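Asks: Here's the letter readout for the chains.
4 protein chains.
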Amino acid sequence: MRERNIAVKFLRVPSVEEQEIEIVERKGLGHPDSLCDGIAEAVSRALCEEYKKKCGAILHHNTDKVQIVAGRSNPEFGGGEILSPIYVLLGGRATREFNGNEIAVDKIAIRAAREYLKNVRNLDVNNDVVVESRLGKGSSDLIEVFKRKKEVPMANDTSFGVAHAPLSETERTVLEVENRTMQYFRFREKAVGEDMKVMALRVKDKITLTVGDAFVSRHLASREEYEEVKRRLSEFLSEVAAENTSRNVEVLVNRADTEESAYITVTGTSAEMGDDGAAGRGNRCNGLITPNRPMSMEGASGKNPVNHTGKLYNLVAMKIAEEIAEKLSVKEVYVKILSEIGRRIDDPKIAIIEMLPESEASPNMESEARRIASEWLENIQEISEMVISGKLRTF
Amino acid sequence: MRERNIAVKFLRVPSVEEQEIEIVERKGLGHPDSLCDGIAEAVSRALCEEYKKKCGAILHHNTDKVQIVAGRSNPEFGGGEILSPIYVLLGGRATREFNGNEIAVDKIAIRAAREYLKNVRNLDVNNDVVVESRLGKGSSDLIEVFKRKKEVPMANDTSFGVAHAPLSETERTVLEVENRTMQYFRFREKAVGEDMKVMALRVKDKITLTVGDAFVSRHLASREEYEEVKRRLSEFLSEVAAENTSRNVEVLVNRADTEESAYITVTGTSAEMGDDGAAGRGNRCNGLITPNRPMSMEGASGKNPVNHTGKLYNLVAMKIAEEIAEKLSVKEVYVKILSEIGRRIDDPKIAIIEMLPESEASPNMESEARRIASEWLENIQEISEMVISGKLRTF
Amino acid sequence: MRERNIAVKFLRVPSVEEQEIEIVERKGLGHPDSLCDGIAEAVSRALCEEYKKKCGAILHHNTDKVQIVAGRSNPEFGGGEILSPIYVLLGGRATREFNGNEIAVDKIAIRAAREYLKNVRNLDVNNDVVVESRLGKGSSDLIEVFKRKKEVPMANDTSFGVAHAPLSETERTVLEVENRTMQYFRFREKAVGEDMKVMALRVKDKITLTVGDAFVSRHLASREEYEEVKRRLSEFLSEVAAENTSRNVEVLVNRADTEESAYITVTGTSAEMGDDGAAGRGNRCNGLITPNRPMSMEGASGKNPVNHTGKLYNLVAMKIAEEIAEKLSVKEVYVKILSEIGRRIDDPKIAIIEMLPESEASPNMESEARRIASEWLENIQEISEMVISGKLRTF
Amino acid sequence: MRERNIAVKFLRVPSVEEQEIEIVERKGLGHPDSLCDGIAEAVSRALCEEYKKKCGAILHHNTDKVQIVAGRSNPEFGGGEILSPIYVLLGGRATREFNGNEIAVDKIAIRAAREYLKNVRNLDVNNDVVVESRLGKGSSDLIEVFKRKKEVPMANDTSFGVAHAPLSETERTVLEVENRTMQYFRFREKAVGEDMKVMALRVKDKITLTVGDAFVSRHLASREEYEEVKRRLSEFLSEVAAENTSRNVEVLVNRADTEESAYITVTGTSAEMGDDGAAGRGNRCNGLITPNRPMSMEGASGKNPVNHTGKLYNLVAMKIAEEIAEKLSVKEVYVKILSEIGRRIDDPKIAIIEMLPESEASPNMESEARRIASEWLENIQEISEMVISGKLRTF
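Protein chains in written order, with our numbering: chain A, 25 to 419; chain B, 25 to 419; chain C, 25 to 419; chain D, 25 to 419.
The set of hints was computed from the structure by calculation and includes no laboratory data.
Source: prediction; values computed, not measured.
Treat the hints loosely; a few may be bogus.
[To be verified] Which stretches of chain C does chain A cover? Using the computed rule of at least three CB atoms under 8 Å from a CB of chain A, they are: (1) 102 to 108; (2) 120 to 130; (3) 150 to 156; (4) 319 to 326.
[Said to hold, decoys possible] Capping the alpha-carbon separation at 30 Å, the derived lysine-lysine pairs in DSS-like fashion look like this: (5) LYS161/B to LYS77/C; (6) LYS415/A to LYS76/A; (7) LYS214/B to LYS373/D; (8) LYS373/B to LYS33/B; (9) LYS351/C to LYS373/C; (10) LYS415/C to LYS214/C; (11) LYS230/D to LYS33/C; (12) LYS161/D to LYS78/D; (13) LYS76/A to LYS214/D; (14) LYS373/A to LYS228/B; (15) LYS415/B to LYS77/B; (16) LYS161/A to LYS161/B; (17) LYS351/D to LYS161/A; (18) LYS77/C to LYS351/C; (19) LYS78/C to LYS230/C; (20) LYS77/B to LYS228/A; (21) LYS228/C to LYS78/D; (22) LYS78/C to LYS161/B; (23) LYS230/C to LYS33/D; (24) LYS355/C to LYS228/D; (25) LYS33/A to LYS142/B; (26) LYS214/D to LYS33/C; (27) LYS161/C to LYS214/D; (28) LYS33/D to LYS78/A; (29) LYS351/B to LYS228/A; (30) LYS161/D to LYS77/A; (31) LYS355/A to LYS77/B; (32) LYS373/C to LYS415/C; (33) LYS230/C to LYS373/D; (34) LYS228/D to LYS142/B; (35) LYS161/A to LYS355/D; (36) LYS351/C to LYS142/A; (37) LYS161/C to LYS161/B; (38) LYS228/A to LYS355/A; (39) LYS373/D to LYS161/C; (40) LYS142/C to LYS77/C.
Beta carbons: idealized from backbone N, C-alpha and C, even for Gly.
Turn these sequences into a full structure, and let the hints guide you.
Replies: Quick look at the structure:
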């Protein structure tokens, strides 16, 4: 195995669980920013497939710039309608030609975006959304790089990835309440919309979960029914929370409601009216926003999974951190990896591993951590494969 | 003074200066993401002025969704030309009517964006850029909120702000090399473009500054001249670095250059070809991306400065941190503030102050920190004023 | 019945049938210009319905500015695909508010446009077309005018309409070959596309029909099959022509074909690649372009059917001409009607009737013609109704 | 000289001057449709220049699809402002590559459009207009055709051109009143806007000129001043009319004015608010819309001047008609020319010349007319040159 520049450190600081205050946020499936992330990633994956099919290799692309311009709507209990469609701009770039053949880049991108938006169940994608592709051409140099496909690709930029493991109780709770609502609860309660935002504040052992969810107006006959569903959602969230933490959890749903106004929408996402979205501004690769933790500003979703280290290093750092947390006796581990433009992606400029040992630090832990990191880097192209096949979340 | 929920903690951890490894990044003035941030903020400020003039108060708006779709260009030593214009999409929303009078929202937004883009000296804003406004209407409820203008506004959302002080040597260095290049050096060397990206890696006492700058092709007769300017820029950056740190600094400029290719552009920004940009994805309010520090994901630029706590709390946290770092005997201070939707903005749900004392923690330090925080919160509307008048950086 | 300014003239000129040379053209159902006309009219009709349902009256609108920007495609025998979608811009204006309620103008317009495009059978409207609405607001004055709904509306502009009857043999032939192909033949021969352009040149008694039709590539296994279908189409067109004229007719289909290239498309319309379209540039209200006849330049399709005299006067002139041609002993009749802005639409500034009598002109013919014209003008609001219910062709 | 298929006929019909009723219209310089025509033609000419400079020949393009989407404005006496910018969509197609070099098609097109719009003196082209280019690629076959540059090009389509000469008194009057207002009067009276529409109705010897002009609000202190300028404009138009006809002329300016409303604008064109425009829907190549005359529906403006017979044949027909009217003893002459796709443009399928002799028809007139037509066709590439150098009006 190749020699790699891997630094291993032991930290002597309070773990996040030991800190008195913790803030965690998640923008759920149908949040305008998450929709943009999801579209960006769906477009990249669709292009990867097409490139592999038509060209035998993934060609250069980065489809990470997606913007949603909100539409206009008129929700009301028992009904409502979309007045002006949601507009989605697909930015970024993608290779449009290969050996003289044109790739249907715009077509594939638009189709993938529209397909992805079907995640918002009550959104009529054909009539209520306009998707426009302004994907630029990839520059020719980069196409060159990609052609040497058998070899390990070179880093496209100087960027870094960071990750930590394991998730704290609060983090896990935030992640789970949204995931479970989308996986199960919204099918039981049709009025629950996909646009859910969860904000957790933990002060010592008290967690407050502030949850906003864009309810779907036509599945709610009245304000009374709205309040009932809100109550049932609140109970469900409390149950999920209880499975993830023994701490005291208070759940607050749609706190901004007043006597006159409730948070209802026609489609279940605030993108229908007033709330624009942009890719790369929401959750990090672990699905969370965690100001108590080191974070990367990289918008991983939509970046090409072949040589974009801003994407790959965030994902591989997460894998490394997770394996270390699982196998070694640590309370917490942080992994940071820095790329250098033009350098092989499996050989970063530096990889830093910071561990809070459960008890004692040991030379064995150090060498084990180094080995785990080095193996993941050795096989970084597997990360690419997992991204392409949709096995890795990026937001 | 109002009672506020302010928690003060003393940390016992190594300061960033004491940590062995540190990564810091800055996307400079002409980076596509920074251009979007700058446009977002310029549009908001222009609207604030218009609203004050026409309506006597700032009306609801958030113009924080800006996307740049790269153009196409053909740079070559001694010349080159733009082939396809840069496209700028202005998203977000703004109130369009007041007392039956229409506000020229699109017009003002486009003008402000175009004016801002003049920061890129070699960009012909009239011919090489297409700016489109798709700003939506503000919702009427929110207009209501804003009308009660004498009172302290209510928080528009549940969000948080974070900040730290003082900057580490590495952070200061990164900030300064870019600032000084833009303030002075680019006027001395016309070939230096506004799109500069600085990435610093500190390992113990060795700092590596990796700098990319989009040189301007028509001010460079040949590759030789390019190399000379690169060398002079490198020297200048080393000098600036030396003023900010006594650590050993290595400066690397345009590392991706090969024998065949150099980093030249027609305009001085990579937005002319291939590099899209988006607001809120680059620097945080202190001008930096600092994965070693707590960060907020909030895109502050373009948010309304009246009641958007995602913007205000990042800025007020910075002010509090700076004053504490200046007046109290701390190595580092972190400030985190959490809002609650519908609550007065001067009364956050919680404000957390974490200090690394120089030597001993003292009850006096705690009460002083609390007083400083409370005073800044009491006068948070001054932050709004400073934003409107352009006295506070947001990226 | 109201006194109207109607001038009746008898012409002493050779009829078109007697002239030696005649040129007639028709842009068929799927021609990009006709698609734009069809969309413009479909949008207007959809808005009329919505206005009637929501407001009890048709509100001001003119949706006559539609532009198609061609996509990109890759047709090949047995298959082919769309590479970039067709872009459709909906221009014009429409009233967006009524009694404080917002009308879903953009939504309705986009839906109507998409629905109309389904006329192109092989076009995947959901994936291969992007429709954007940039319909402006109607100006408030005009809204005022429309509110006085029981009364006869006032003309919105100074414009005119012209028509003639009966159609010449050549005109009828051109109209019929396209109509019949779309009504019957294309269902028998799947490879026949909707984009058919017919150009007829008659020199004395010899008619040459030059026909271009965008064949559908995936319904054609090979160039041989293409040639066979072309031959069968040619035969069909000859048969239809023979039903409409006893003159000698030569039919030429897809004359621009060369050995290397044939006129095939993925969808059956040239709008998929290269051919943009615009409303108002194709057929006049009788479905034809007839340089031997007086024509109006007015783009009738998409104009509001309530008070837009540019639309109504072309249609009512056609009705008048047809009735005169049917009931009176004339070889040809031409009707021209001029409006004056602000004047009741049932009382034009002048209506001119020019007749070529079969044999003798008579005072009785004159008074009958005047009566027919006056009655149609008296009941001009019926024309509006017929337009709204789709009973009158506008292109 | 090549044998050409030229048919010459003598007509025995009343000339237009002898007819009792005549309708003529002109959409002036700043009318939204005319602006689109002007932009379309300006873009084509700019591309011709670039192609010649960069490629040594004019490459394939047709830039005849231009649409203006109106802005929003707020005119008031003494001031007013633009609220939302005018949006201009440039459609059509143009060759983007030549010998591996990219042509700056979008850039050149946008610049030409913006430059042209400066004809509207009070329009701030930089701030009040958004111009977007969606010009498609030219198809490769056609590029092939154009490369054989020394030879006479082949017709790109089956289309026709028509023209007549001389202009009738009414036609000349309509043309002149607008031309002279733009050439002289608007510089004397700053409040006169470029958007002037002239509609003439002649009944026997009485001509009514209905003129609409978009006055410029900031050059008018009050309604009184507006009325004064209107009166002076009316006098000026009457004088110009008197120079062109001895018939009785009544001039009506801005007839739609009411006590409450006057026709004022911020910029001098109705495109600023409410009135969209499209290329090819306004004046024919002689600058007029003349329902009493044969007309072509071809939108000549923006078509390529090399082989687009829809453009060239309208222009060459006009030249032929003018020369015949000048040299031969005819009251009127009509010229119609029909192309055949793939046939040399100097050899149309048929050219038809119809003359109303002043007195007697003669074989000499016939041969002279044929000679004149044949010579113009022989030298049809001169027409191309004149178009490129801007010497021929197309609208």
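Asks: Which hints from the list above does the structure break, by number from lowest to highest?
Replies: Result: hints 4, 7, 13, 16, 17, 18, 19, 20, 21, 25, 26, 28, 31, 34, 35, 36, 39 break, sorted rising.
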